[in-house]
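> If you read the protein sequences in the order shown, they are chains V and F. Just so we're aligned, residue 1 is where the first sequence starts under our numbering, counting upward by one. Just so we're aligned, residue 1 is where the second sequence starts under our numbering, counting upward by one.
No wet-lab data here; the hints were simulated from the structure. Misleading hints may appear alongside valid ones.
Covered stretches of chain F, as calculated for chain V (at least 3 residues, CB under 8 Å) [stated by the list, open to error]:
id	segment
1	13-23
2	138-150
3	161-170
4	283-291
5	316-325
Here are some of the chain V residues that sit facing chain F, going by a computed Cβ distance under 10 Å [as the list claims (entries may be wrong)]:
id	residue
6	L40
7	P59
8	Y103
Glycine included, C-beta positions come from ideal geometry on N, C-alpha and C.
Residues per chain, in single letters:
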Amino acid sequence: MTENRIDKKLKECSENNRKALITFITSGDNGYETTEKAVLEMVKNGADLIELGVPFSDPIAEGPVIQSASERSLKSGTTLVGIFDMVRRLREKTDMPLLLMMYLNTIYRFGTERFFGLCQECGIDGVIVPDMPYEEKDEIQSYADKYGIHNISLVTPASENRIQMIAEEATGFLYCVSTNGVTGVRNEYSTDFDAFFKPIKKYAKVPCAVGFGISGPESAKKMSRYCDGVIVGSAIVRIVEQYGTNSPEKIGEFVKQLRNGLDK
Amino acid sequence: MEKIGRFGEFGGQYVPETVMNAVHELEAAYNKYGNDPEFLEEYRELLRKYAGRPSMLYYADRMTKDLGGCKVYIKREDLNHTGSHKINNVLGQILLAKKMGKKRIIAETGAGQHGVATATACAMFDLECEVYMGTEDMRRQKLNVYRMELLGAKVTGVDSGTGTLKDAINEAMRDWATNIETTFYLIGSVMGPHPYPMMVRDFQKVIGEEAKKQLMETEGKLPECVIACVGGGSNAMGMFYDFIPDKTVRLIGAEAAGKGIDTKLHAATVAKGTMGIFHGMKSYFLQNDEGQIAPVYSISAGLDYPGIGPEHANLYKTGRAEYMPITDEEAVQALEYLSKTEGIIPAIESAHAVAAALKIAPQMKSDEIMIINLSGRGDKDMQQIAEYRGVNIDD
């Protein structure tokens, strides 16, 4: 099996002392074409991995910004099959690692094996499933492994004694949730990051990226010192909300600022 | 090997990582106290002295004669303090929350019965209380919103989705993940991640245990049939549980068929649902081919939920229980029937069980017995029933 694009990319980042920039966008928000263009802008402006959100009717891990984006996307008729088609088109233009961030019911209902088979065929490299904890990962793990797709693990400040178990088995990268709660931009954190990242650093065998609440270049830079990469979601989705089909260029500019912030 | 917290293939713990430690902490606390004689005595005393248990098992003489089939008994959960079975579970969980040192309680509510019961117990135990309720349900159940506020709870409207129970649960789960250190999520039905389905059932099983004992005392035998309405399914699980080993007893759940199961406006999860994973559990859900949860509908805010508790899913799959769809119209007629025949105004939720009884009782023999679980009283529904019948009682 060829090397997973996520592993390859994160290895390159590490070799070049580059903090990985992981960006998120809700697929099909303002149409597939807007998402496609936005992804290519993100690639062009310094993103290293891209998470494509699969809209769900009841996204319990999301704050208001991504909830609204999911609703807009579903209303305009976005489907999982449509997203796979979009990924196929993107794959003709970019070799960027692509992940799907989605809820377990979407995979389960689609058919778990059929889903991972299509991931491989279309060029998806990983999935992030926020409502599937460590204890339930058997639900998808064997199929993810069979088709060479990373099932990305998450740890949060509330994980505490669970960090070792989760971090040791993590593949691709370890998604470190900065704060308890839902996605969304925050002005401040109550988390003690030194204490949070200490066991993570000790046990994780893969790169660690921090997400939830990162609003711009300054907070990206600030958070990046704790780990190998940062994940920015709601701040990007807000640009789509504001600029609609004109958002891809604005997103490109924003990603460039994030990149510069990280490289400073 | 069957995994922990499963009923056959149903159940599980499908929740975000942030709440996993809280779920395990709750599991450990429940394992510790659930069989602790001192805790159970404290709980039973609350049921006796605060909730007013045991609830009566009432022989519905006029209904029995009118239907001309089996003998009909009614388990009067509507006579509990706060007006429904919900208080049984709330007192159990509140006591557990106290033992766990939690200071803040959150809950979701559909019809408002669980919210009112939670607000009531929080007032009594001096705990901070926030109840999430869909804005559509707040409109339908204004009286219960006012009751909760009067009891000192904060009622937070949820406008997303269809503004009903499912959306209230989503928002309560988000709150829980955000305030995980301080907050106890008091789930109102036999749903959500393990241990909730098991724990809520255990706190409700008193209904069936009492009913069985009471019937033994008066009739000296088991019933042939027990009937309860099912949204998430807590009153039904409470009534069914003690009868599950008694294979001669038919267990019948009445689910909300809204405008009819062949329309889009219903909440008949067993009749029309498919397997899915949502709200922490693997069970049956009303959803589309893409796994998007369907907007559901019922005249009854308490049954207006697109899923069903995992233990019910297993009872259905294994053939131990039957589930019968009941339309809005059938439920309203049953509410009117019970009011006029027995002088008991049932909650519109419970009226679904009465409607199922009206269909089944005439087919049963005169020496057979049926128990209807009357999960709640109907005062809260008068505005809506009047509206349904085109009567204006606002002025």
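> Does each hint hold? Answer for all of them.
Checked hints:
Coverage of a stretch by a chain is defined here by at least three residues with a beta carbon nearer than 8 Å to that chain's beta carbons; for the segment 13-23 of chain F and chain V the count is 10, and the condition holds. Given a C-beta distance limit of less than 8 Å, the hint that chain V covers the segment 138-150 of chain F is violated, as 0 residues qualify and 3 are needed. With 4 residues having a beta carbon nearer than 8 Å to a beta carbon of chain V, the segment 161-170 of chain F meets the requirement of three or more and the stated coverage holds. Three residues within the 8 Å Cβ limit are the bar, and the segment 283-291 of chain F against chain V gives 5, so the coverage statement holds.
Using a Cβ-Cβ cut-off of 8 Å, 0 residues of the segment 316-325 of chain F lie near chain V, which falls short of the minimum of three, so the contact claim is violated. A least Cβ separation of about 26 Å between V/L40 and chain F goes past the 10 Å threshold, and the interface hint is therefore violated. Taking 10 Å as the C-beta contact cut-off toward chain F, the hint placing V/P59 at the interface holds, the least distance being around 8 Å. A distance limit of 10 Å between C-beta atoms decides the matter here; for V/Y103 the minimum to chain F is near 8 Å, and the interface restraint holds.
Hint compliance for this structure: hints 2, 5 and 6 are not met, and every other hint is.
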